[in-house]
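4 protein chains.
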Amino acid sequence: MSSRTLSVGVIGAGRIGRLHAENLAFQLPGVSVAAVADVRLAAAEEAASACPGARAVADPRAVLDDPRIDAVVISSSTDTHAALIEQAAAAGKHIFCEKPIDLDAGRVRGAIAACERAGVKLQVGFNRRFDPSFKRVADGVRRGEVGAPQLVRITSRDAQPPPLDYVKISGGLFLDMAIHDFDMARYLAQEEVVEVFATGSALIDPDIGAAGDVDTAVTLLRYRSGAIATIDNSRQAVYGYDQRVEVFGSRGCLTAGNSTPTQVSLWNESGQQHDRPLFFFLERYRDSYVAELRAFAQCIVDDTPPPVTGRDGLLAVNLALAAKRSLTQRRPIAVEDV
Amino acid sequence: MSSRTLSVGVIGAGRIGRLHAENLAFQLPGVSVAAVADVRLAAAEEAASACPGARAVADPRAVLDDPRIDAVVISSSTDTHAALIEQAAAAGKHIFCEKPIDLDAGRVRGAIAACERAGVKLQVGFNRRFDPSFKRVADGVRRGEVGAPQLVRITSRDAQPPPLDYVKISGGLFLDMAIHDFDMARYLAQEEVVEVFATGSALIDPDIGAAGDVDTAVTLLRYRSGAIATIDNSRQAVYGYDQRVEVFGSRGCLTAGNSTPTQVSLWNESGQQHDRPLFFFLERYRDSYVAELRAFAQCIVDDTPPPVTGRDGLLAVNLALAAKRSLTQRRPIAVEDV
Amino acid sequence: MSSRTLSVGVIGAGRIGRLHAENLAFQLPGVSVAAVADVRLAAAEEAASACPGARAVADPRAVLDDPRIDAVVISSSTDTHAALIEQAAAAGKHIFCEKPIDLDAGRVRGAIAACERAGVKLQVGFNRRFDPSFKRVADGVRRGEVGAPQLVRITSRDAQPPPLDYVKISGGLFLDMAIHDFDMARYLAQEEVVEVFATGSALIDPDIGAAGDVDTAVTLLRYRSGAIATIDNSRQAVYGYDQRVEVFGSRGCLTAGNSTPTQVSLWNESGQQHDRPLFFFLERYRDSYVAELRAFAQCIVDDTPPPVTGRDGLLAVNLALAAKRSLTQRRPIAVEDV
Amino acid sequence: MSSRTLSVGVIGAGRIGRLHAENLAFQLPGVSVAAVADVRLAAAEEAASACPGARAVADPRAVLDDPRIDAVVISSSTDTHAALIEQAAAAGKHIFCEKPIDLDAGRVRGAIAACERAGVKLQVGFNRRFDPSFKRVADGVRRGEVGAPQLVRITSRDAQPPPLDYVKISGGLFLDMAIHDFDMARYLAQEEVVEVFATGSALIDPDIGAAGDVDTAVTLLRYRSGAIATIDNSRQAVYGYDQRVEVFGSRGCLTAGNSTPTQVSLWNESGQQHDRPLFFFLERYRDSYVAELRAFAQCIVDDTPPPVTGRDGLLAVNLALAAKRSLTQRRPIAVEDV
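Residue numbers (this note's numbering), protein chains in the order written: chain H, 1 to 338; chain W, 1 to 338; chain E, 1 to 338; chain X, 1 to 338.
Hints were generated in silico from the structure; no laboratory data involved.
There may be inaccurate statements among the hints.
As the list claims (entries may be wrong) - As a list, the in silico SDA-like pairs of lysine to any residue whose alpha-carbon atoms are at most 20 angstroms apart:
(1) E:LYS135 x W:THR262
(2) E:LYS135 x W:GLY147
(3) X:LYS135 x H:ARG325
(4) H:LYS135 x X:ASP158
(5) E:LYS168 x E:THR78
(6) W:LYS135 x E:VAL57
(7) E:LYS135 x W:GLU283
(8) W:LYS135 x E:LYS168
(9) H:LYS135 x H:GLY147
(10) E:LYS135 x X:GLY271
(11) W:LYS168 x W:GLY212
(12) E:LYS135 x E:GLU283
(13) X:LYS168 x X:THR328
(14) E:LYS135 x W:THR260
(15) X:LYS135 x H:GLY147
(16) X:LYS168 x X:GLY140
(17) X:LYS168 x X:ASP158
(18) W:LYS135 x E:HIS274
(19) X:LYS135 x X:ARG244
(20) X:LYS135 x H:LEU278
(21) H:LYS168 x H:ARG325
(22) W:LYS135 x H:GLY147
(23) H:LYS135 x X:THR262
(24) E:LYS135 x E:ARG284
(25) W:LYS135 x W:GLY119
(26) X:LYS135 x E:GLY271
(27) W:LYS168 x W:PRO132
Predicted model only: the values in this text are computed from it and were never measured.
When you get a sec, could you build the whole thing from the sequences and use the hints?
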């Protein structure tokens, strides 16, 4: 990165927003946080106080109107993303936006178009692409290590379900949780999905079922080539956050397992015990959150396309919407019909 | 087992028949092979010569009519199974029959009924239930180690595709190869499947596609409880025979990996290298082939029900037929409609 | 192996003798057990009854005098080995003898010389050389996979200590238990040891210390090339029989881990649990016991040198004696001084 | 940590000094770097420029005389450690000093005494105690997870040998490289070593042998209880930095393996390939370098004893000297004789 400091404003100081602010301030040489905005000013102040030189504001306009700010990180609630992207684009800021851009495909398209018109970069926060293990798998597929992909398998199980109140407004398991996995399916196989079939149940918490959602699901994707992906999702894996992928092809198979806090085993009369996987997504994906922002900063400095585009965000939403429809209609859904 | 010798006739002296004959003769104290029958007499003679005291015959009737023989192992071609079961039952022999009993559910039902009428035992050769790792998983599920099953995952990939001529008469991937996996899905979750959705492609060999079959498939099963199983099948895994299962439930997850010939790793500048999985099904399932016959002999001696019944054979065929129909009709199929 | 049957007499029908008899009778086509001898005739009868066509005798002379017997397996108590070898050699029988040949190096030399004079084969029962994992490591070293060996590490921990009465007459940990490991050190590095330093303690059972023995020991060996081996021994590993080796060299490292009964893991709130290693040496080394007898039979049929010679037996005893002296004298011992 | 900022001066801006400076500046909230000193002023300037608010000086006195500085990190060359400790103590600064304090035990004692007289804290840079895996093992031993320790095994192999010029002035393999392992042996077993026996060879580079040093060594330690430790050292493991420990005791065994960059395996016709271990010590021990400084800062803030004391530094040097003498004299050395 050039020695010039890139000045970033963070909009939304929730858990992820604070993480992004600290990563920008401490993990990325050449990047500084100029401001943190949150309608809850106290949250903005707390986040800003951890970043040398950052000020706290309640109104995101104060960030967008600041001519010294080069780029914004949007980590506010999903329903504000599309409008903030359009405003930031109009203000000439480069944009990193948390996933999903919006639950409505039309609004996603609008946000993308606004960035194209303004000539600003738009990167979507699919951080898992930057996980060292998953990136190693995708790079291997690209290099032909497994030949032509035939089967892709994505295991994505949360350690603990979110609060029921959150579930109700989340857009449902497919748009909220599996959206990462739909992107991963495209990223790993490096080809497009043409058909989606999903099935699911509320096995963990009947209240999730009563709220019209599922907590356990398997989605089956067909790629254009005839290759097939499966995604299995659960809202609760008691043994920890279970995040694995596997790409099987004509010449071999790349498989990425979970990470554990240590490499220690205890052997005793009961058997051989190992750590459970890293339990919390902020630990599991610690490096990926830094790496996605590093790539964002780099693409601004180098003036290259962002590694995860608005179109990637749109296509993941499309797959999630197809899965949702498949679950309701109990039949496979062609993606082009969504 | 009691000290009394159980006398067994083997019908069909192909690869599996010879294996059964040798296992009966050498691995099971208290069991002897009295005769081996095969329409190709030379094959019968070769198999019989390896078993002390066994005679070779061309006509299976010579086995069925021999009053000193207690039980038969039927390992002839699939199209002969149902008729041989009926004849053996009429002759009062206990029956161990290779899977599948028949590709037609009606004929399977007929064979089962014949055994019930005759009061003879009928065990179907789902040997994988006797694999130490898979049995350990099923036993753990039964003991509640994972709580209520929510997701079952079965990986079943052959190392090498069979000859195309065989593929054409095999009944297709679902009835020929995945039949074991359909049984495994019932065995692991210990509940019944109500709906099947399958998708597949011919990605390995276009001639398999031209013959109307697929070589790569994923089948999604819904159990009565709402739990879900996935089966992924491939006719060719270049890294070896890939046979894994996983049962994920409310209290944990049991997972069974592949076996390797040794426990050795080579660490060098290229990384850490391990053996590929046992390549050949006769090696991989060596212990299970002995154990299923031991259980068969034991159930005769103890006069208890066989551990794998004709009904198990029937239900696996039903699931395979449902998968086949789902593939053709591109929609989920209710098992009760098959 | 040729179709001609090799006729073997087993002398000594204890635990290992019975195992050898059954392996000869059932696992080795072309080999039969003609007789089993044991001074406790009931033990001989029990072992013989499991082998088709074998007779039981009390006096080993009945075996040695039987002209139809080609070879003997000597698995009687250690103090009888040397004399039986000399008698069997005089009777023109090929000989497989359990380790150690004798606790006295002079008597070992005498037994070897008797076999050489008689022109009969003498194989010593270092079965671990035939373990698939350890053989894979040794083969890899021979092929140069690790370059020049620099460090060899042998972990050899029993699951449970033998009875104290046995410990007292066993010759001590080095001659009784570590003798296998001394042979392994020579086998893996494929070069000779010139110096031995041993240290040990009675940490598990003070009565073992009171009996003048140790139950925990580390032995350090220097090879002629300057490469170094460590052997660590324990009479009690509560997590199971721990048998691992590692050869580290200029180009890499080969490492062999333990075997477990299954490939299953249970993941739950406590972590990830795996089986403990195979607990009992007869399970752990099941394949190796068959393979060493197969190799013995083969070297007779082919008239080639046995894969483990009397000299191998002698050199292992020498290393054990050097270790014993080092422990007492608390200094490194040159092997040529033993 | 209290909100008050702890002000630290770093003396010595080599590779480790720069790492410490950056960790203090960016990874430890509540800590700041006030100054970096190095006789090579350019090195000091480079390190200081990366730390907000730090100034660069050539003379360490400028650090020691600065009343606003609370503590110093000494990462200059080993021969300067003892004098700098004495000066820093006299100036009332708390001290974190890289290992070893000195190659001469008398000078180490002098430095420790100076800190005691001045009432300042002295922590020695045995960072490996703060590695999450090794700390987990030590904590488990302390909690009794393995019962009474009986065998400790430390594998410590560098990926690449240092330059020969460095080897010549390093004090030799035991004082330079194995010093960490001697500390680890005390840390893991939590008891003192009474006797040392070492053997070694120059197998990797004959020039190392010509320089009077070894590049391959095994050291055997006896603890007061009779428990035994082995340390195996190599200057070159071509497969990467190999850092493993194992503590075997009466109730079980704790074992810590290597870390790899990813959790990915590639399965293909050649077998199953995994990453080699993290190759470079700065990567392998990244977290431990942060954690040791966090603990140092914490013990100052809390006014508690440092987790690694000057005495720990002294005892590790004693063990290294005993090993060196044992290698020369070819006999076990009592630690109290050093």
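Outcome of the hint check:
Among the hinted pairs, E:LYS135 with W:THR262 is consistent with the structure: their alpha-carbon atoms are about 9 angstroms apart, no more than 20 angstroms. For the suggested pair E:LYS135 and W:GLY147, the alpha carbons sit about 42 angstroms apart, so the restraint of at most 20 angstroms is broken. With a CA separation close to 50 angstroms, the supplied pair X:LYS135 and H:ARG325 exceeds the 20 angstroms bound. With a C-alpha separation of about 28 angstroms, the suggested pair H:LYS135 and X:ASP158 falls outside the 20 angstroms cut-off, and the hint is violated.
Taken as a hint, the E:LYS168 and E:THR78 pair is honoured in the structure, with Cα atoms around 14 angstroms apart against an allowance of 20 angstroms. Between W:LYS135 and E:VAL57 the alpha-carbon distance is near 43 angstroms, which puts this suggested pair outside the 20 angstroms criterion. Using a Cα cut-off of 20 angstroms, the hinted pair E:LYS135 and W:GLU283 holds, with the two alpha carbons roughly 19 angstroms apart. At most 20 angstroms may separate the alpha-carbon atoms for a hinted pair to count; W:LYS135 and E:LYS168 exceed this at roughly 43 angstroms.
For the suggested pair H:LYS135 and H:GLY147, the alpha carbons sit about 17 angstroms apart, so the restraint of at most 20 angstroms is met. Under the criterion of a C-alpha separation no larger than 20 angstroms, the hint pairing E:LYS135 with X:GLY271 is consistent with the structure, at around 18 angstroms. Between W:LYS168 and W:GLY212 the CA atoms are separated by roughly 8 angstroms; this keeps the pair inside 20 angstroms, and the hint holds. Taking the CA atoms of E:LYS135 and E:GLU283, the gap is near 17 angstroms; set against the 20 angstroms cutoff, the hint holds.
Of the supplied pair hints, the one linking X:LYS168 and X:THR328 holds, its CA atoms being roughly 17 angstroms apart against a limit of 20 angstroms. Between E:LYS135 and W:THR260, the direct Cα distance comes to roughly 15 angstroms. Compliance with the 20 angstroms bound is thereby established for this hinted pair. Note on X:LYS135 and H:GLY147: the hinted pairing is violated, with a Cα-Cα distance of about 42 angstroms set against a maximum of 20 angstroms. The straight-line distance between the Cα atoms of X:LYS168 and X:GLY140 is roughly 39 angstroms, outside the 20 angstroms bound, and the hint therefore fails.
Pair hint X:LYS168 plus X:ASP158 holds up; C-alpha atoms about 17 angstroms apart against a cutoff of 20 angstroms. Annotation: proposed proximity of W:LYS135 to E:HIS274 holds, straight-line Cα distance about 15 angstroms (limit 20 angstroms). This hinted pair checks out: X:LYS135 and X:ARG244 have alpha carbons roughly 12 angstroms apart, not beyond 20 angstroms. Proximity of X:LYS135 to H:LEU278 is assessed by CA-CA distance (about 17 angstroms); at most 20 angstroms being required, the pair is judged to hold.
Between H:LYS168 and H:ARG325 the CA atoms are separated by roughly 17 angstroms; this keeps the pair inside 20 angstroms, and the hint holds. Under the criterion of a C-alpha separation no larger than 20 angstroms, the hint pairing W:LYS135 with H:GLY147 is inconsistent with the structure, at around 34 angstroms. Distance restraint check for H:LYS135 and X:THR262: the Cα-Cα separation of roughly 9 angstroms lies within the 20 angstroms cut-off, and the hinted pair is therefore satisfied. Using a Cα cut-off of 20 angstroms, the hinted pair E:LYS135 and E:ARG284 holds, with the two alpha carbons roughly 14 angstroms apart.
The hinted pair formed by W:LYS135 and W:GLY119 fails the criterion: a straight-line CA distance of about 28 angstroms is larger than 20 angstroms. At roughly 18 angstroms between alpha-carbon atoms, X:LYS135 and E:GLY271 fall within 20 angstroms of each other, so this suggested pair holds. At most 20 angstroms may separate the alpha-carbon atoms for a hinted pair to count; W:LYS168 and W:PRO132 exceed this at roughly 33 angstroms.
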